[in-house]
Every structure is written in C-alpha cells, then in structure tokens.
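K.L.:
Take a look at the letters that make up each chain.
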Amino acid sequence: MKFIIAIIKPFKLDEVREALGAIGVAGMTVTEVRGFGRQKGQTEIYRGAEYSTNMLPKVKLEIAAADELAAQVVETIQQTASTDAIGDGKVFVFDLASATRIRTGETGDTAL
Amino acid sequence: MKPVQIYRGIHMIRKALCGAGAIGMSLMATTAAFAQEAEAAAAVANPGNNAWMMTATILVLLMILPGLALFYGGLTRSKNMLSTMTQVGGAAALAMLIWVMWGYSTAFGPEGNAFFSWGNAFLSQVTPDSTAATFSDEVISEYVFVSFQMTFAAITAALVLGATVERLKFSAVMLFTAIWLTIVYFPIAHMVWAGGGLLFEMGALDFAGGTVVHINAGVSALVLAMFLGKRSGYPAEPMPPHSLTLTMVGTGLLWVGWFGFNAGSELEADGTAGLAMINTFVATAAGALAWMLMEKMAGHKGSALGFCSGVIAGLVAVTPAAGNSGPFGAIVLGIVASIVAYYAVAKLKAKLGYDDALDVFGIHGVAGIVGAIGTGIVYQPGFGGPGDGSTAMGEQVVIQIVAVAVAITWAAVGTAVTAFVVKAITGLRVTPEVESDGLDIGEHGERAYN
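Protein chains in written order, with this note's numbering: chain D, 1 to 112; chain P, 1 to 450.
Among these hints, one or two may not hold up.
[Unchecked claim] Pairwise CB distance ranges, derived in the manner of DEER restraints: (1) P:Ala350 <-> D:Phe94: 28 to 38 Å; (2) P:Glu433 <-> D:Met55: 47 to 57 Å; (3) D:Pro57 <-> P:Val398: 55 to 65 Å.
[To be verified] Calculated pairs, PhoX-like style, for lysine-lysine (alpha carbon to alpha carbon, straight line, at most 25 Å): (4) P:Lys301 <-> D:Lys9; (5) P:Lys296 <-> D:Lys40; (6) D:Lys40 <-> P:Lys301.
No lab work stands behind these hints, which were simulated from the structure alone. Backbone N, C-alpha and C fix where the C-beta goes; we use that ideal spot for every residue, glycine too.
Work out the full structure, taking the sequences as your base and the hints as a guide.
P.N.:
Given below as structure tokens:
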C-alpha cells in the first residue's frame, strides 16, 4: 500500500476530488495549509504601504491507496491540478505499513 | 459673490436681520438694529426647515457614531479596535458638553471680535422661541442651530484622533479635546462662520466647513502625531488594517451622514441645499474612482481601501464647495483632491517619515486644502458655479489661500500649545507594555473580539 500526500492550489480541489473518485479512490483527508515554495509569497498594499506575506494558502490531500492504484492516483492528481504555472504544488508517495478499519477491524487493502 | 452664502446665522445678526439689507452687516450695526428687534422677534421658524435641520443634525451624529468609529476602527489592529472607537465616542461626547457650556458662546457670540466671541455661556440667551437666521429672510429655531453646530465641533475633535490611535492615552484624549476645542476650534469656527469673524469679513468661501473642520483637523492631527511620536515598530513592522469590512461600512455611513453635513449647511431645505446634495453625490463618486485609477496606474490593483480613501477625499474636497459649485465643478474637484491626496498618502508620507496613523492629514488636510482653494475657481459662473462673477477668480482664489494659511497657522500653533500642556499634566503616551498588549485591554479592560 502507498500513502500519498499532495499539496495543490485550493481552487483545484473539487476538480481533483472528482477525477480521483472516477478512478476508484474511495476516500481522502483534506486540510487547509500554508507554506511557500518557488512561488514565494504575495504582496499586500494598503494606501501605498507594502507588506509581503511569505506564506501562501494551499490544500493538502492525504490518500491511502492499494499498490496497483497508486501510480494512477499520482498521475491523475498531476494532470488535474496542473495550471502550468509555478505554485501548482507537489505530490509525495510513501510506503504504507498497515491500515485498519476501526469499525470492523479489517486490515490491509480491504480496509482502504 | 454673495457673502450671505457663507455665514451661519448667529444671535447678533439675527437681531439685525429684517431683509436682504442685513447681508454682510458688521457687528457695529447692532445698536441700530435694536429698534427693529420687536419685528425680528416675531419671526417664527418654518417647521419644514426646522424638520430638515433636525434631520441633518442627526445625520452628522451618524457620521461620528458609528460612521467615523467604524471607519477608523477597521483601519487599526484588532488589539486597538475598542480604544479607537471609544476615543472617537469619548471626544465627541465631551465636545457636546463643552459646546453648550462655553463653545457656542465662544464661536457665535453675541458679543465678539474678529477672533472669538462671548456673552452666551451656558446658553443663557437661548429659549425655545429664539431663532437663528438662515441665508434668506427665514429663521430656524436656535436650539436646532446650536445642536447642528454642536455636531460639527464633535466630529472635528474626533477626526483629529485618527493620527494618534494605538498609542495616545485616553486621559490625554479627553484633556486635549477640552483645551483644543477652546483655543483652536471655537476661534476658527468664529473667524470663518460668524459675522465679524476675520475670514468671514474677508469673503472666504467655506460652505460646510472645509477649513474649519477638515484643514483644521488634518493640520492639528499632524502636529499632535509629531509631538506624540511614532507607534513602536512603525514603519518596519507590518500594521495592516484589521477589518476593511468595517472600514467600508464606516465609509458608507460617513457618506450618507455627509448629506446632513453639506446640504444641512444651507440651514434651509431649499434649492441650494439640493445643489449641495447632488455635489455630495458626484464629487464623492469621482473621488472614489480616481483613487482606484491612481492605484491601477501605479501598477497595483484597485483596492477596497483605495475606494474608501477616495470617497473620503472627494467628500472632504466638496465640503467647502457644496453649495458653491456646479455639479461638474464638484466632479473635477473630487478628482483633483483624490489624486493629490493619493500622492500625499502613498508617496509623500513615507518620505517625510511621520506616523499619521490613519492619514488624517494626508486625506482630510490635503484634500481639504485642495477643496478650499479650488472652491475659489469652481464658484465662478464661467465654470458652472453659482457665483455672480462680481469677485474676479484670481481675487477669490487669493482670499481662499489666505484663509487656508490663517487656519493652518492657527491650528498648528494652537495644537502645539495644547499638546505641550497635556504632556505636562497627563502625559501623552501609554506605557510600552500597554502599547504592545493593545490599548483595548490596557486602557479599557476589554477585548473587541473574544
């Protein structure tokens, strides 16, 4: 099993969720986060006084997927969340040691 | 020109007034006028005009609370929200009390010289039957006139405090307000609006208080801010407005209330009040969009705060011109004032390095000066103004400039004296700890948001 963390632009969330649902992803956890990368921050101006914020709002997705689905998940996120501009985000993949469904006690792929 | 357009009826002139012959009458005419007092005393206020002036008075109160309180409050940091609003309310309330004790008497007589007046302390000469002259042969009830003028003193005192928010003590606010009204506001109001006043007799045009209220408040704010010093951390630390939503709400209330301020200054519900009304619409609209265009042309985005700032610049600029300009003159005035104030706030302020926290000088002072001088131009019939051309434009502009210079000098010197006295008695600044924790908790024991 793989554990996938993706950082994407907030406005892409719905599109990515629909695309992942279409390829069989059954669930995900979504968090609003702040951070910076190559895009750096943005500048706010109040009556000529400039303040630069060095953190930008992003959305973090966490998805657990069976090994055979993981590559497809990464590809789907990459293609759906891309706007061809800096600041589109990144996808990270980890090996996942175990998964347990709390209600039934099922483990492994069937718990996902 | 018609000097009758620019004075506010007062006790002295009221007694003398029995027709157009009273226009521009000086204080020396009093004795002769006593003969006609019986006739003048019979004048009864027109209920329509009275009703409009009562409404206008409440509209000016709306500008202060909640208008100015929200406009200023939203621009400060959240830890100083209540302090900012309470200072506006506290100064205005104190101004109202001082106004009925000695303020009205010091500004509007009945006895007086070119600089101030006396003889009506604690409103001893006013009864429900007494009246104040308007600019025609009408009168309004004097208590209404006293109330209307009271709100002008209150808002001017409150306006000054925008420059000094987030660090000026509440005790200093109250003492400053009491002294400053007495030695700065009342004399300037007398000089501009009362028969026999220095600038009134010179023929300076100030329909609703561009000089008395806005130049005065702007210059006084700048001087007090210089005495007080910068906020700790300014300008290195970011201090963005904590709620531009509330600032926008306050801006809207100021604009609505300003119709009472400008159209009410006609003292009657007549055609000139209508002219002041339409000018208060169009100059403001032009100022708002001009400021946003300036932002766009400077390579930024047209902003909500830019819109609000332009609204205020336009309103300030049209104040002296409200009944002294045609609608298109007012539009030009709004645009020019907005552009000049934009430069003062966005460029000049950073270079000069003072901390006028909410830009009282940059917007009220600067747009007020543009408006006061520009009124001498847009008043002319050639520019669609209501003037009759009897005073040449150049001559009128010179009068306007002299009036502005007198107001600036008086306000600067008077404020410096006041600040010096207040500093010696209560001190001006809160402690560094209170400034860091915020004045809400430090000075008032409350937080705006829990």
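K.L.:
It remains to establish, for every hint, whether it holds in the given structure.
P.N.:
So, going through the hints one by one against the coordinates:
1. Taken as a hint, the range 28 to 38 Å is violated for the pair Ala350 (chain P) and Phe94 (chain D), whose Cβ atoms sit roughly 49 Å apart.
2. Between Glu433 (chain P) and Met55 (chain D) the beta carbons are some 29 Å apart, a value that contradicts the proposed interval 47 to 57 Å.
3. Our hint of 55 to 65 Å for Pro57 (chain D) and Val398 (chain P) holds, since their Cβ atoms are close to 57 Å apart.
4. Note on Lys301 (chain P) and Lys9 (chain D): the hinted pairing holds, with a Cα-Cα distance of about 22 Å set against a maximum of 25 Å.
5. As the CA atoms of Lys296 (chain P) and Lys40 (chain D) are separated by approximately 23 Å, the hinted pair is consistent with the 25 Å bound.
6. A threshold of 25 Å between alpha carbons decides the hint, and for Lys40 (chain D) with Lys301 (chain P) the separation of about 19 Å falls inside it, so the pair holds.
Of the numbered hints stated above, those contradicted by the structure are hints 1, 2, listed in ascending order.
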